[in-house]
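Chemist: The residues making up each chain are set out below.
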Amino acid sequence: MLKTLSTNLDFRSMNELFTQEDFIAAKEFARIECSDEMGKTLKENIEKTLLLLSKMSFRSGDLLMDDLAEHPFSIDCLEDEKNNLGSDKTALEGLSELDQDKLKINASYFR
Amino acid sequence: MYHLCGHQIRRDLIEKKFSCKDLAEYFIKRAKSTNKKTGAFLHFTEQLAINQSKLIDEKIQKKLPLPPLAGIPISIKDNICISRYPLTCASKFLIDHIAPFSACCIKFLTEAGALIIGKTNLDEFAMGSSTEFSAFHSTKNPWDLSCSPGGSSGGSAASISSRACLLSLGSDTGGSIRQPASFNGILGLKPSSSKISRYGLVALAGSLDQIGPFASCAEDLALLYDAIAKPSDKDLLTLLSNHKSSHPFLKNSLKGKKIAVPWSFFESLNQDVKDNFSKMLNHLKGVGCEIYEIELHELAHSIAIYNVITSIEAFFNLAKFNGLVYGRRSKKGENLDELYSLSRGAGFGIEVKQRLILGSHLLCSQKGNHYIEKAQILRKTLASKFHQVFQQFDLIATPTTPSSAFKLKEVSEPNERYLQDLFTISANLTQSAAISIPSGFCKKGLPLGFHLIGNSSSEPLLLSFAFALEKITNSDKFIPKLFDMEIYDE
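Protein sequence lines, in the order shown, are assigned to chains A and B. Our numbering puts the first sequence at residues 2 to 112. Our numbering puts the second sequence at residues 20 to 509.
Treat the hints as calculated values from the structure; they're not laboratory data.
Some chain A residues near chain B, calculated using beta-carbon distances under 8 Å:
1. Ala26
2. Lys28
3. Arg32
4. Ile33
5. Glu34
6. Cys35
7. Met39
8. Thr42
9. Asn46
10. Ile47
11. Lys49
12. Thr50
13. Leu53
14. Leu54
As the structure is a prediction and not an experimental result, all values here were calculated from the model. Cβ coordinates follow ideal geometry from the N, Cα and C atoms, glycine included.
If we strip away everything but chain A, and leave its shape as in the complex, we get (with noise of 0.2 Å):
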């Protein structure tokens, strides 16, 4: 867990970050025709956003490992959490084994 957040995207510069191909690999994914002139004005604004990403925390590698230390985190607290939402008998009688099932993923989900 450690070794994968201290692996930051080390862009060399900003045509890196989003490149045209990127952005038209993306554009197909989603399924989204546009004008050349909307497209250009599209791939700008992601990679603005792009940056501001990398810029306010996801590149300050140390500060995310303090936060970490800090407030540790891992997968167990996940499970944790999973298997003791479903503890609340009351909410869960009456309903279904399906509808419980979803109740309890849903639960963990917005935890």
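Using the hints provided, position chain B relative to the given structure of chain A.
Modeler: This is chain B only, laid out in the frame that chain A set:
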């Protein structure tokens, strides 16, 4: 009649000062007239309001008890379904769409006797913070028609500040109720998750979206919240929640309540907003609250986390709008892929396209995947920090927005727009309850908001703060000059 609060209207109905049908006709007429200036509404639901008013009048005639929102006119953001009425989400894609069913909250409102008078404008699919991204028209701020009313629930907020109606429902994914409430000098509540059923709300980002109420006074806000915050088998999450009525707690004493303020986060805030915020904290000290400074540097991550999470969740949620299942179908496509791309290309506006393409990039490229994992972990970190804070303090206070309402078309850079939600996003990311309370005006004469964030299920506490502050600021009397008069069609 427009200067009355909702609970006063209900009282006057019981005293037979006017009939409910007269009331419905008055507010529909006023809404249509004010709408020419503000553009707050997309459609009117006249017949719905008139039919409801007749039922209320019958109850009055028969001396039957009136439901809690009897006769109070309300508007609904146009991403919430009302059976047999248009549901456009302010998108050309859904221009012809008629909702086949009603949202749970609409059912609860009807049972509570509210008069639904119309559907309000929003940024397309609730993506935006200015209501300029509506495919139909921009909404104007009633305090200054050259300014934005905020967004995405800008139409809802403007419908109340222009007194076209007295209550409204909006949705809040990152601040879409609280920011427009602040820009319009009214109250806006984002409930904690699982309090209000989202069945019938067109989803933007499922893990962040909430339906929430707007009102011009705290008592009305509490009545509306209590009417819709109910368990529903259509949204299983609401069955898990403890639904406590907030109205009985409105007048509770605030003495000894502990308020945490992350002062270091406000360093670059403009002085006008900072002064206004300090004034509100002094009001709270005056009613016995204790104010403490805390460090909350995790807030700096919130916009980045929000951008990643909303983009990827919107990507999935809007996949159904493909011209085949929902939405206007392109006639040009020669195969299924072309049909999807051309329909979505013609139907969606630029902000929606931008977020969907970003979501697609984050999900489908190796570069993008890095962001998702980190966003999820940072979100958990933020929630953990909030949990710690709420073990020591009752609420966190911030200004609602970094500035007062901006001019229409003034903020064109997407990143600048996202900064509007700097103080509000964290409540969505952490599933907390939060409220924007009118806090007076900036030097330009535009309203400002005071933002309080509370733990899950803290709605009664937040509403008691709104009530106490309203008694000091008289914010329930804030009405823009341009609309503080009887307005009729010219």
